[in-house]
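> Read off the chains here:
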Amino acid sequence: MIRRAGAIGAMLLAPMRKLYRRWTHSMLLRVITSTLVVGLAAVALLGAYVTTEIRDGLVDKRIERVLAESARDVDGTQQAIDASTAETPGDLQDLVYDQFEAQSRLGGEGRSIVWLRSPSNDADIVLTPPVTEQRLVTAISPALRESIEPGGGQFWQFTTMPGSDEPAVVVGAPIHLRSAGPYELYFVYSLADEQETLALIQRVLALGAGVLVGLVLFMTWTVTLQAVRPVRAAARVAARLADGHLTERMKVKGHDEMATLATTFNDMAASLQRQINRMEDLSRLQRRFVSDVSHELRTPLTTIRMAADVLHDARGEFEPAVARSAELLATQLDRFEALLADLLEISRIDAGAAQLDFDEHDIADIARDQIEGLYPAAAEQGVELRLWVQAGRHTASMDAPRVGRIIRNLVSNAIEHAQEKPVDIAVASTQRTVAVLVRDYGVGLAPSQVQRVFDRFWRADPARARTMGGTGLGLSIAREDAMLHDGSLEAWGKPGDGAAFRLMLPRGSRGLGVRPPLPLETTADGFEALGERVPLATEAVGL
Amino acid sequence: MRDKSPKHRAWHHVAMAAKILVVDDDPAVAEMTGIVLRADGFEPVFCDHGDRALDVFRAEQPDVILLDLMLPGKSGIDICREIRAESGVPIIMLTAKSDTVDVVLGLESGADDYVPKPFKPRELIARVRARLRRNDSAAPSVVRIGDLEIDVTGHRVSRDGEVIQLTPLEFDVLVTLARHPGKVFTREVLLEDVWGYRHAADTRLVNVHIQRLRAKIERDPENPEIVLTVRGVGYKAGGHSQ
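For the record, the sequence lines run as chains A and B.
In case it helps, my numbering puts the first sequence at residues 863 to 1405.
In case it helps, my numbering puts the second sequence at residues 897 to 1138.
Treat the hints as calculated values from the structure; they're not laboratory data.
Please note that a few of the clues may not be correct.
Said to hold, decoys possible - If you anchor each label on the Cβ, the simulated ranges turn out as follows:
1. A:895 - B:1103: 50 to 58 Å
2. B:1103 - A:1334: 33 to 41 Å
3. A:1176 - B:1080: 40 to 48 Å
4. A:1395 - B:1000: 38 to 46 Å
5. B:1080 - A:1128: 56 to 64 Å
6. B:936 - A:1356: 48 to 56 Å
7. B:1038 - A:1182: 58 to 66 Å
8. A:1352 - B:1118: 41 to 49 Å
9. B:1125 - A:1088: 53 to 61 Å
10. B:1126 - A:1395: 29 to 37 Å
11. A:1227 - B:1125: 15 to 23 Å
Glycine residues also receive a C-beta, built at the ideal position from the N, C-alpha and C atoms.
Full structure from sequences and hints, please.
Put into structure tokens, the structure is as follows:
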């Protein structure tokens, strides 16, 4: 379940990761995006400021005009009413209608008129207040009505035209209708014209801003490309150089900074080429030397080897001292040969002349073969070898003889230091890594010794003899072999508690996984949890 | 001129000492090798210069050649190729270099086996004996595989009546596979059955010789029909054998 949830998470994350990759990999993308963001923000701010200013200017002027006009008309109406002699409801009603007509004529089409009877009016005469349009009454808010008092001044307020979202201004003023009491007179001015003008200005501004941003983007793109192109060219040439095309150079054009970059780059490449050629010559010389030494040493050694073996085979016919000498000659010759082979191997690795022959193998099979081979030697030292293998296959691409040699070196080293206690070997793998752990419970290693354990010819205890016939190069070679596989070989130890060596090899080309398949530090009880105990064929024979 | 048929040579081996040509320029190694060979009942003859090796081979007609690769004059690789052009005599390389390239080059130019220097006398003798040992079991004397007819006792392989020239080693590999059609042989098993190794050895020996065998017997060596590769395991004989 957790794995599935993880998979879905990964699926969701994948496009994000892709985007992030593009973001971090393209300077052009980053510069363009930044320019776009900054440019748009600046234009938006500027546009907002300009629009607000223009709108305020337009509206303020209009309101000024509206207020002047309505004050004038209210005054005119009040004077006309005061001058009239109408007293009867009929005459008063006619007077109101006359005034309404006059106001309508004066104001033109943009102005609507609403008469309302004041809420505080308690006169007996009730007139029908005229309106341009009945629904305009809803445009007048109760708050505005409250502020208008008989004998007071005019008040105004923004509103919208009922039935549409056109903005409008309502100006209200009290009117005293003689014996009919106080009335309220409202002028509703539509602001549709101003709105249209503003919309036009906004459109023009937006268009201008768009063109400006586009222009800035284009400029940024061109400028950045000019700066990025030589960098990309340099990267391409550097990659070709890294691939081993040492003669690759950048084109030098003009005398600007880019030309300086190209010239400096080419100087560096030339210097690199010289260095590499010299290293190659050295390496070639070293390889030849190793090969020559190998041949020159092996030729006499071949004769000595055969002679020693002939003597050794015939030792039964010699007197005891000579017979023993023949024996010593033969065994020490084995040691000498092993030492020579190890020395040549390590110089070959140092010279970078080691050749690996990769093939798919199960590391558990290799470990088992090596352990079976070492079983008699271990039994001779009173050491029990135990192999634990995690379920499943542990295949990886490897050079089988080299990996076999690593394991052989680790196990014989463990046997040598086991002090007649058992040696545990575990094999396990993860998706990306196969690992072998070799653990003994003998003398152990101090932390300072752990650091030196892979040094050539290093001994933890110089007084101790090499019982397993080691050359002192085994662990160094094992480490080099692991490195040649892009793997790792690590050591752990504690005085009196034994030592552990962990070999890890990658299963694919992506290198070692983050999680090691086996812990470096374990106790003897821990191995049962790591894998199944594998019986060894040699055990059954009773060796 | 002696009859060079392998059957005849097997008879020689029983009746008299097998003749071993040792081609090595180091006198001490040559002499010591001679002592060891003589002690085991072989008859050694020597050659210490690359340019003379072919003449000595033609004059002595040895049963096995021990050939050092680094020689004054003509190189061991060239000698190997020239001898192979006219004879299937078993050739065992003696190499001071355990250099992979040299070993593969030697095998590809026709050597049957190799012994890295320095070697133990017992190992050398075992390798020589393995090359002299003949496939004398009482199995059917004629085996068919695909469109090949193998006359085991007569040491002849033919396709549609036309004889194909194989070295004794290549013949051994083919007969071993053909006697158990369909059975998969690992490289290790082939090393034991054909080369006589008792413990793990260089599996490249098998790879190189399978390639050489295919080049001779397959109609299209790129798409073999007789000696098939079983990926990750080894080889088996294909085709329908009756």
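> All hints are to be evaluated individually against the structure, with a verdict given for each.
Verification of the supplied hints:
1. A:895 - B:1103: 50 to 58 Å: holds, 57 Å
2. B:1103 - A:1334: 33 to 41 Å: holds, 35 Å
3. A:1176 - B:1080: 40 to 48 Å: Hint holds: Cβ distance 45 Å, inside 40 to 48 Å.
4. A:1395 - B:1000: 38 to 46 Å: holds, 40 Å
5. B:1080 - A:1128: 56 to 64 Å: Distance hint for residue 1080 of chain B, residue 1128 of chain A holds at roughly 58 Å.
6. B:936 - A:1356: 48 to 56 Å: Hint holds: Cβ distance 54 Å, inside 48 to 56 Å.
7. B:1038 - A:1182: 58 to 66 Å: Taking Cβ atoms as reference, residue 1038 of chain B and residue 1182 of chain A lie about 60 Å apart, which means the hint holds.
8. A:1352 - B:1118: 41 to 49 Å: About 45 Å separates the Cβ atoms of residue 1352 of chain A and residue 1118 of chain B, which means 41 to 49 Å holds.
9. B:1125 - A:1088: 53 to 61 Å: Between residue 1125 of chain B and residue 1088 of chain A, where Cβ atoms are some 58 Å apart, the hint holds.
10. B:1126 - A:1395: 29 to 37 Å: Check passed, 31 Å falls within 29 to 37 Å.
11. A:1227 - B:1125: 15 to 23 Å: Check passed, 20 Å falls within 15 to 23 Å.
Violated hints are absent here; each numbered hint is respected by the structure.
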